[in-house]
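Engineer: As a plain string of letters, each chain reads:
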Amino acid sequence: MMRFLVSRLASALVVILGVSVLVFFLIHLVPGDPVEVMLGEGSQPADREALRRALGLDLPVHVQLGHYLQGLLQGDLGVSLHSRRPIGEILLERIPATLELALAGLVVAVLIALPLGIIAALRKDTPWDGGAMAFAMLGVSIPNFWMGPLLILVFSLWLGWLPVSGREGPASLVLPALTLGTAMAAILSRMIRATLLEVLNEDYIRTARAKGLSWGQVVRRHALRNAMLPVITLLGLQLGALLAGAVITEIVFSWPGIGQLVIESIQRRDYPVVQACVLLISLAYVLVNTLTDLCYAWLDPRIRLGQ
Amino acid sequence: MLLAAAGAWLPFEPYRIDLARILDPPDATAWLGHDDLGRPIWDRLVVGARYSLWVAVLVVGISLAAGTFIGAVSAYAGGWLDHLLVRVIDIFLAFPGILLAIALAGLMGPGLDNVVIALSLVGWVGFARLARAQVLTLKQRDHVAAAVSLGAGPGRIVWRHLLPLMAAPLIVEATFAVAGIVIAEAGLSFLGLGIQPPEPSWGSMIREGSRYMLVTPHMVLAPGIALLLVVLAVNMLGDRLRDRLDVRQS
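If you read the protein sequences in the order shown, they are chains A and B. Letter 252 of the first sequence, counting from 1, is numbered 234 in the numbering used here, and no numbers are missing. Letter 20 of the second sequence, counting from 1, is numbered 45 in the numbering used here, and no numbers are missing.
Calculated from the structure, these hints are not laboratory results. Source: prediction; values computed, not measured. Just to be clear, a hint being listed does not mean it is correct.
[As the list claims (entries may be wrong)] Pair by pair, the computed Cβ-Cβ distance ranges are:
no.	chain 1	residue 1	chain 2	residue 2	range
1	A	Val(-4)	B	Pro179	25 to 33 Å
2	B	Pro179	A	Gly198	55 to 63 Å
3	B	Pro189	A	Leu85	23 to 31 Å
4	A	Pro97	B	Trp105	35 to 43 Å
For glycine and all other residues, C-beta sits at the position ideal for the given N, C-alpha and C.
Please put together the full structure from these sequences, using the hints given.
Structural biologist: As structure tokens, then:
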């Protein structure tokens, strides 16, 4: 287990370093002179020089990279060009909103997917199965940025039950969480159905049946427990998609999280903030994936002993 | 899709502004109604479909070619090159795809070319991983050993002896990728980072439409349903292909 832990953490560190370097080079993708793009064409040469020096863009690239990585290690993400505040501070204000949305979306996804996947697997090749899978197919194919306006149209504008946008009280969380959760529920329910069907074909299920357990007990005690492992992994892997989906969902509902910050900063040409947001979400994703792997190994002895 | 292709020759008027008909609901002359500038929505949808599918085909083509090449080279060469490329693939996989595309498109500036570049930079990774896994298993097969002993070079072996065998999973993956890219392109346009007005794009039509939702829902409904139908059709095609070609999801 120790060796598995060390090797897994080492490769996570390499990925984190690579991600940081890649994010660093993002600013060099800005066409032409990034300083001129950020300040606008009519800017004074003196201002440009000052910004160039402040961002360290006058130094050779490898020195810039060194400073940047050193800053990251000390938790220094630089300063926003728009508000002149430290970027770390701005991120901290936005993280709770995105976290809240992502977790709520996750809960919605599991609440929809679990019953749907189980029904589809147990009633395979019946209209129940067909209906559940048609729903799943629809869920994968509806993009967040259309699902959101649709929900607003029905529940906020026509029925007037829920607020249109913003983050005020639990009612305002319902529609964004539904928007974010349904897409993931679709993928998740297909996965639950597939793994459950596989597990139900195993010998130990037949054994359990043969020793006189009721069908419900077999499903609950034996089948579901074994089917949950791959589902947990998928849940971890999907978190990245969930965080990315949150960017668009936040825009639709004016939800004041990281996603909204990314788009605002792109519009303000506040590129250091864009870089920091991408870095933050990617790091969160790597962290969750590593934790998922470790949990998986902890739950399933075959993996850690196989290493 | 046929309509989108035919749209090039038919007399559509996606840019004609008819101020008298602003936000008109559907009627006999324009069966999906008019938008906030009085432009016929049906015409804009058809022209938008052309951009959307063109971007999808281009991006998937580039990603498929680049990803397969990198994945195949990585697996076939092995050694330090494989180690290096696997690390690079891991690093790209660490970014949630659409987020990286948003950042890239945002930094490079909007426009059709940049959308294609941004989405391709994100898209190749999936194909590379798939191609690498395929080559790793396939190169153990006897017919490859036979070809090697007959003196075939690595390029010839990958091209003639491995690619035909891995075509099925790659085609299935590419089909789903088309659906993903159609959504991603519309997403970028929705955020204002994709195809720029006045060119019609389904994503920006949804964005404009959601502003007038209370007055006229048809403006947001029409492009959304079009998008849904295309993505649904492509996804179902992918499912069908997967069953037909008997590809197991890895």
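Engineer: Quick check on a hinted range of 25 to 33 Å for Val(-4)/A and Pro179/B, using CB atoms only.
Structural biologist: holds, 28 Å
Engineer: Could you see if the CB distance from Pro189/B to Leu85/A stays within 23 to 31 Å?
Structural biologist: violated, 46 Å
Engineer: Is 55 to 63 Å respected by the C-beta to C-beta distance linking Pro179/B and Gly198/A?
Structural biologist: holds, 57 Å
Engineer: Between Pro97/A and Trp105/B, is the Cβ distance one that fits in 35 to 43 Å?
Structural biologist: violated, 49 Å
When each numbered hint is compared with the structure, violations occur for hints 3, 4.
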